[in-house]
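Chemist: Protein chains in written order, with this note's numbering: chain A, 1 to 383; chain B, 1 to 383; chain C, 1 to 292; chain D, 1 to 292.
Just to be clear, a hint being listed does not mean it is correct.
[As the list claims (entries may be wrong)] Some chain C residues flagged as far from chain A (calculated, every beta-carbon gap over 10 Å): (1) 154; (2) 183; (3) 225; (4) 247.
[Claimed, not checked] With a cut-off of at most 20 Å between alpha-carbon atoms, the simulated EDC-like pairs for lysine to aspartate or glutamate come out as follows: (5) 111/A / 197/C; (6) 270/C / 197/C; (7) 257/C / 131/A.
[To be verified] Estimated spans, in silico, between C-beta atoms of each pair: (8) 114/D / 109/B: 44 to 50 Å; (9) 273/C / 347/A: 29 to 35 Å; (10) 114/D / 268/C: 37 to 43 Å; (11) 130/B / 74/D: 38 to 44 Å; (12) 47/D / 135/A: 50 to 56 Å; (13) 74/C / 96/B: 35 to 41 Å; (14) 170/C / 240/A: 37 to 43 Å; (15) 46/D / 223/B: 27 to 33 Å; (16) 198/D / 122/A: 55 to 61 Å; (17) 113/D / 170/C: 41 to 47 Å; (18) 243/D / 220/B: 41 to 47 Å.
Bear in mind the hints are in silico, worked out from the structure with no lab data behind them. Ideal Cβ positions, reconstructed from N, Cα and C, are used throughout, including at glycine.
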Amino acid sequence: MDLLEYQGKQLFARHDIPVPAGRPARSVDEAVAAADEIGYPCVVKAQVKIGGRGKAGGIKVAQDAGEARAHAEAILGMDIRGFTVHEIWIEGASQIEDEWYASIIFDRSAKKPLVMFSTKGGMDIEAVADETPEAIATRHVDPLLGLQPFEGRRIAYEGGVPADLVRPLGAFLTRLYETFVAEEAMLVEVNPLIVTPERELRALDAKVTLDDNALFRHRENAELRDPSAEDPQERMAHERGLTYVKLDGDIGILGNGAGLVMSTLDVVARYGGKPANFLDAGGGSKAEAITQAVEVILSNDRVKAVLFNIFGGITRCDEVANGLVEAFRQIAPQVPFVVRLDGTNDQEGRRILAEADLPNVHPAATMDEAAERVVQLAKEASA
Amino acid sequence: MDLLEYQGKQLFARHDIPVPAGRPARSVDEAVAAADEIGYPCVVKAQVKIGGRGKAGGIKVAQDAGEARAHAEAILGMDIRGFTVHEIWIEGASQIEDEWYASIIFDRSAKKPLVMFSTKGGMDIEAVADETPEAIATRHVDPLLGLQPFEGRRIAYEGGVPADLVRPLGAFLTRLYETFVAEEAMLVEVNPLIVTPERELRALDAKVTLDDNALFRHRENAELRDPSAEDPQERMAHERGLTYVKLDGDIGILGNGAGLVMSTLDVVARYGGKPANFLDAGGGSKAEAITQAVEVILSNDRVKAVLFNIFGGITRCDEVANGLVEAFRQIAPQVPFVVRLDGTNDQEGRRILAEADLPNVHPAATMDEAAERVVQLAKEASA
Amino acid sequence: MSVIVGSDTRLCVSGITGSEGTFHTLNNKRYGTNVVSGVTPGKGGRDVEGIPVFDTFAKAVDETGANTAMIFVPPAFAADSILEAADAGIETIVAITEGIPAHDELRVFTQLRRQGNVRLVGPNCPGVLSPGKANVGIIPAAFFKEGGVGVVSRSGTLTYQIGNEIAQRGFGNSSIVGIGGDPVPGTSFIDVIALFEADPETELIVMAGEIGGDAEERAADYIAEHVTKPVVAYIAGFTAPPGKTMGHAGAIVSGSKGTAAAKAEALEAKGVRVGRTPTQVAEIAVEILRGA
Amino acid sequence: MSVIVGSDTRLCVSGITGSEGTFHTLNNKRYGTNVVSGVTPGKGGRDVEGIPVFDTFAKAVDETGANTAMIFVPPAFAADSILEAADAGIETIVAITEGIPAHDELRVFTQLRRQGNVRLVGPNCPGVLSPGKANVGIIPAAFFKEGGVGVVSRSGTLTYQIGNEIAQRGFGNSSIVGIGGDPVPGTSFIDVIALFEADPETELIVMAGEIGGDAEERAADYIAEHVTKPVVAYIAGFTAPPGKTMGHAGAIVSGSKGTAAAKAEALEAKGVRVGRTPTQVAEIAVEILRGA
């Protein structure tokens, strides 16, 4: 789960990482009240889970209440690269002497957390890595030991930090690592990590991704999920425990198993189609899950045709067939379905479908055949 | 540093280990007020850093305020195996269905913490270990991993814990281990760990030894040291940063280095003498430390003679000699001194002493000769 | 021969008394896997259709000589169960459980690596099937028969799809290894490819990768340097949009990293043939097997 | 030959710029020890009488090829410095610092054991002197000369006392190893006795133990099984009362455990001669050396 900037900063503050004082606001009046409380100059920042806010006009400095109101009005509701701004964050303006970068990610290859630091902050770190890799100091951390003080110092020395800030940076990284571990994050990134004229370090931005699988141990973090900001289909799927990703095409896809569904998207694309979603009904999908999945897929009104691609392992094809029959009984879909059933109890499943004789449901023998057919049907529907 | 029972329980409570509610008291009135607040029946317990309180009459149940007053009067000021009771602890009486034992110590051989558990609690665990070693379940803990849930369960199963208390005991041990690590203890022991009729686990006693070397990280624990309960010489030495242990003989001992001082005590004993103290003036002892050490030694008025046994390494014998001369100038001791100086700058040291011509100071060439001489002088002084 | 599980496997199932655990344990047993015991704390002394259940792995190992564990407990308890199995001396641990917190996994991997001599397959994987010998996990064995194709995959159903297409063309498998879809699998492509390379029964290796991470790229390098047997690859997720987790926690294109195109390119650059659909993979594999 | 430190030693001192650190570093250097560098964070680029100082061990190792570290930093920073040295590839770490928290030590020992190939001597020890070759620590070298007696001890000054008595009788030392007085030393009696047994120059071994723990008892068993060279022992603390820490954190009789009498008995039961005073130890050693 990605956090909004201000949620990340609140997490940082919990672990004694210095951040500018600020307040979130969801309306213009709230924003002005927050700005008055914080004092001027302050910064009005759009809270969206996407980069490039500044360039898009989502970050503005307000010198007085009038400006704060004007900026809040402009930014709330703004569209930034496809994300609507529902919330803004008002914080005291910081004086900046230097902009650095710090992050901790999971390094899959090393199976260890990786700390990255650079005195070249405020810009895209991938660009820094490409252009001046020597400007980035890195260190793998042993998960059983944690980040040791000497490692913090070493990163600081290798990163070319001025002598007076070596220990402060070490302490900053230690707290960042504590946050990473205590909150079970997959990523914590501070860009820029600023040096103030008083030679203090401060997180001016915060990018935090939490591990969804660990949220059961972090109830207060689990509440940070903001359903209003989510896509309605994704929210619906999430509530039903289905794995769904919305895409921008018109062919609804359902399969069992993440790999098979990804593969199905690819094969549909090869035949010239555009999938409307990724939906993994999961291993061992029962009839009810299938019915709910159909609901989710069809709630996207761009969908012109649907492909069921099931290779039954734990999932039993008869269960899938029953779920589809039930879905048709409840929803009576208006779009064509192509259904490929293979694997456990496939004959029984095919028999159930044949007997139900659902309107506009087309069986297919192979994955390729199914993909080709659904693409064709979607094209016919659009024509 | 050993904690009193109630200090240990307060530490436990900080880590969510269940303990009976209680309050400490240093006077009879305080005790009655505490008992009234806690309610009756309650238990009045002498707080001394030595076992066998119960047998010595230091633990009494009070059914009402009158009994609480009577017990507090009897116990405060009581002498228990050489320790005077300065404080008592009043706690609610617990109903006991079963008495168990749990502890965590440092196992030097394995270089790991060792968890010990037995359902045979309330008695001396060494006796249990001797008589029925199979009644004790043990497990070494990896300091980098900490006590894992499965280890807690395994201890419980191996210890023969009833099925309904396996998980609760695991959780209890996990918290005990957390206490051990977070407070940097050398020992945490709960004996008895009781099972109440409601099948709850509770620490009815608490024995905690903290690592003196780690107290700088635990200011609130460092304040638990109770100077009033310490021997006056030991307190004096502690304030001066000297390592001093009071013994029950009449020959004051000063040396440099713990091993050499222990060896000096042994050699004095071989010649029939009884040391009055252990005092390690430390490696690199400077003149001032020596002067202060002499003060501490002589503040024990049982001392009839003093032995200086110095083998100079970092410690310079001339510094020791200067310190001794200064001590004589300041204190003018009335007892004889035997001084053996060897090692770094020994000739210079001996020359300083010879020139100072201190009254009743006897040089000795070897450790054995010095020991023999000081024993003889002490005997003469006693005669 | 086979890899990871086989006729020497003595399986102990953690979570054997749960409904899923019981179901798949009995499935595995029916297949012929030597299931010797199970572990469920608090249920020691019972049995599951004759398979004895113990409170601890220590006891299960002591009394039944288990050398392989299958982990079926819920995610919150899985890390503990894996560490317990390893502590008890189990050498091969197959963790089916999906949704184990990533920091738990890190801790477990680090500890297992430190302990040495323990192999963890998964978590979040369908297990390992060595046709005709042992099935440890949830792979539907009916679609596979004995043969010379070793399959290693991050995905379960995709493996069945590919395996089935190969079987339909008349070929069988030495072992099918699902390494799982988590960001940091206990056993990597390289680990399994090395085992297949050393396994006399395996003639050809199929690896099915997907978006996210660089395990496929590293496998490509490894294959070029160390593998003499033919390898055919598949990568799922060419059309996955960046920044979206596609079902598997590890299946995510981050920025420009971890794309299917980059992986396929890396493999092809090292001479590994990459099929663009499961069917193509089967066709290429069969072409090579027939040519060999 | 010698053990732990010798002519191959390339010493880097952590805490070189502190007053104690500077004093003993220069002492060691004057003795002939090859002191190649020092580490003090924030003082990189300076030097101590020509010895270059670095901010990190990594750099000190890179630029000066240090293979041995001496730790002189205050107790609160010592564990970090030891881990840093080990991480930088230092193989021998001699920690002089007294008063390191016990839990820090546990963590450090566990990590070093895990890392492998690192020896920690101490902490809270006087160091190691190999007469005529190298002195790493605070042992006053003037009292010792080259020879065949290997000494291992939990105490500094007691070692000087015994060593000096042996020297006065005309014999010298291969190495003198202070393992330190903390409850859990990095290097044990057994470790050092094994080194002396393998060291061709060492003819006789003196071990000086004291109350607390069971390291002497375990050494007795080890000697009986593995040591062919004569061993003479001393134990300090026969008159120490139970429950009192006698100067060294590890020197404490707990209940009936760790007494000097029990240790002496255990050694004598395995045929090790135990002197009752330092003088007796020297006499026995010399008697054996002359008889040999």
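Chemist: Against this structure, judge whether each hint is valid.
Modeler: Evaluated hints:
1. Listed as outside the interface, residue 154/C is inconsistent with that label: its C-beta sits roughly 6 Å from the nearest C-beta of chain A, within the 10 Å cut-off.
2. Here residue 183/C does not stay apart from chain A, with its beta-carbon only about 5 Å from theirs, under the 10 Å limit.
3. Every CB of chain A is more than 10 Å from the CB of residue 225/C (nearest about 16 Å), matching its label as outside the interface.
4. Not every Cβ of chain A is farther than 10 Å from the Cβ of residue 247/C; the closest lies at roughly 3 Å, contradicting the non-interface assignment.
5. The suggested pairing of residue 111/A with residue 197/C is violated, with an alpha-carbon distance near 24 Å, which exceeds 20 Å.
6. The suggested pairing of residue 270/C with residue 197/C holds, with an alpha-carbon distance near 17 Å, which does not exceed 20 Å.
7. With a CA separation close to 17 Å, the supplied pair residue 257/C and residue 131/A stays within the 20 Å bound.
8. A hinted range of 44 to 50 Å is violated for the C-beta pair residue 114/D and residue 109/B, which are about 18 Å apart.
9. Our hint of 29 to 35 Å for residue 273/C and residue 347/A holds, since their Cβ atoms are close to 34 Å apart.
10. A C-beta distance of roughly 40 Å is found between residue 114/D and residue 268/C, which places it inside the suggested range of 37 to 43 Å.
11. Between residue 130/B and residue 74/D the C-beta distance comes to about 43 Å, which sits within the given range of 38 to 44 Å.
12. The hinted window of 50 to 56 Å between residue 47/D and residue 135/A is violated, with their beta carbons roughly 29 Å apart.
13. Take residue 74/C and residue 96/B: their Cβ atoms lie about 36 Å apart, and the range 35 to 41 Å holds.
14. Hint check: residue 170/C to residue 240/A, Cβ distance near 41 Å, so the stated range 37 to 43 Å holds.
15. For residue 46/D and residue 223/B, the hinted distance range of 27 to 33 Å is not satisfied, since their beta carbons lie about 40 Å from each other.
16. At about 59 Å, the beta-carbon gap between residue 198/D and residue 122/A stays in the expected band of 55 to 61 Å.
17. At roughly 54 Å, the beta carbons of residue 113/D and residue 170/C sit outside the given window of 41 to 47 Å.
18. About 25 Å separates the C-beta atoms of residue 243/D and residue 220/B, a value inconsistent with the hinted range of 41 to 47 Å.
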